[in-house]
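From first to last, the protein sequence lines are chains B and V. Each residue of the first sequence is one higher than the one before, starting from 27 at the first, in my numbering. Each residue of the second sequence is one higher than the one before, starting from 7 at the first, in my numbering.
Any given hint could be a false lead.
Unchecked claim - For each label pair, taking beta carbons as the anchor points, the in silico distance ranges come out as:
1. V:R35 with B:D61: 40 to 46 Å
2. V:H33 with B:E132: 45 to 51 Å
3. B:G134 with V:M119: 43 to 49 Å
4. B:R131 with V:G34: 41 to 47 Å
5. V:S120 with B:T76: 33 to 39 Å
6. B:L59 with V:P82: 17 to 23 Å
7. V:L24 with B:W98: 54 to 60 Å
8. V:H33 with B:R131: 39 to 45 Å
9. V:P82 with B:A58: 18 to 24 Å
10. B:R131 with V:A116: 38 to 44 Å
11. B:A117 with V:S25: 48 to 54 Å
12. V:K21 with B:R40: 45 to 51 Å
Said to hold, decoys possible - Which bits of chain B does chain V cover? Going by a derived footprint, with three or more residues having C-beta under 8 Å, they are:
13. 55-64
14. 82-90
Just so you know, the hints here were simulated from the structure itself, not pulled from any lab data. Yeah, the Cβ is synthetic: ideal placement off N, Cα and C, and Gly gets one too.
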Amino acid sequence: MRTPSWDELREFLRVDGWTADRSTAHDSFEKALPDGEILRTHASRSGLKTISPGRFKAILSDQLHLGEAEFWEVLRSRTPARRPSRAPEPAPASLPLRIAAALERELGLDRTRSQGSMSPEHAA
Amino acid sequence: MREPLVPTIDFSPAKSHLSDVMTQVFHGRQPQLVSRHRGKEQMLLVRPDDLAMMLGDLRIDVQATYDSDDVTLRAPDLGVLGFGETLDEAMDDLLDELRVYAASFFREPARFMSTSRASHAATLLRFALASEDGQRAMLCGVPGAAEARRGEAARR
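In isolation and in its complexed conformation, chain B is listed as follows (with noise of 0.2 Å):
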């Protein structure tokens, strides 16, 4: 899966239309729909950083409500997307927070992959 960085995801919050929320210190963005629907988001600020497959799925699916071809198009097009979408993306494989956090706490299971360790999404 390609995915953007932070700092593409932020311009396609503006081609698409989103509209900062002043009202809080965090970057959360707003899009109202036609429909009167009101979607919210919010973008890190760390710019060049590319984002992980999952968190962008969950970003797709949970939030803007969009597939990621549809995305990529919004960037490609200059224009922003349509919804509802017509292939929205679904949402990310996850775990329950109780299961992802009694793995950490009683199998010792983290995200150290790199120190061979196995992660709770892989044990579960």
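Based on the hints, put chain V in the right spot on chain B.
The following block gives chain V in isolation, referenced to the frame of chain B:
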């Protein structure tokens, strides 16, 4: 006209006896409806901690997504995400984002209540009324959540 089940006071006497009304609501734990224009407009006065108890044990479903270098926590029912390099960092970020959302929601409630986000109101209000420990305890599966919830109840 049906007898109100919750004690009701007209706006003008409520205004002129606000101290007494607040004493009844706070010390007497007596919810009070304040009414004007012959009942066309009403508001409910209630102690915040009593309201939190009335809202009950609302939980926020949280899902964890692992990538090679980070963790994303999703509260899919509310559309809120938390980011971190560890589960603990992501949890702190999720709590911050939930606070930002709750503050935005209750700053402009009419805007959100006219959308499907109206269904978030009870959970966000319960979250907003909770202590920081209580907010953490609302996240399903947080270690020690049950103990924190018992602590909140005991403090009430």
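Tested hints:
1. In this structure the hint that R35 (chain V) and D61 (chain B) lie 40 to 46 Å apart at CB holds, the actual value being about 42 Å.
2. At roughly 46 Å, the beta-carbon separation of H33 (chain V) and E132 (chain B) lies within the given 45 to 51 Å, and the hint holds.
3. A hinted range of 43 to 49 Å holds for the C-beta pair G134 (chain B) and M119 (chain V), which are about 45 Å apart.
4. Checked against the hint of 41 to 47 Å, the pair R131 (chain B) and G34 (chain V) passes, with Cβ atoms roughly 44 Å apart.
5. Evaluation of the 33 to 39 Å hint for S120 (chain V) and T76 (chain B) yields a pass: the beta carbon distance comes to about 37 Å.
6. Remark: the range hint 17 to 23 Å for L59 (chain B) to P82 (chain V) is upheld by a beta-carbon distance near 19 Å.
7. One distance hint, 54 to 60 Å for the beta-carbon pair L24 (chain V) and W98 (chain B), holds here, with the actual separation near 58 Å.
8. Taking the beta carbon of each, H33 (chain V) and R131 (chain B) are about 43 Å apart, inside 39 to 45 Å as hinted.
9. Between P82 (chain V) and A58 (chain B) the beta carbon distance is about 21 Å. The supplied range of 18 to 24 Å therefore holds.
10. Between R131 (chain B) and A116 (chain V), the C-beta spacing of about 43 Å keeps the proposed range 38 to 44 Å intact.
11. Distance hint check for A117 (chain B) and S25 (chain V): the Cβ-Cβ separation is about 52 Å, which falls inside the suggested range of 48 to 54 Å.
12. For the pair K21 (chain V) and R40 (chain B), the beta carbons lie near 48 Å from each other, so the given range of 45 to 51 Å is met.
13. Residue count for the segment 55-64 of chain B with a Cβ under 8 Å from a Cβ of chain V: 3. That meets the three needed, and the coverage hint holds.
14. Judged by the Cβ-Cβ criterion of 8 Å, the segment 82-90 of chain B is covered by chain V as claimed, because 5 of its residues qualify and three suffice.
Violated hints are absent here; each numbered hint is respected by the structure.
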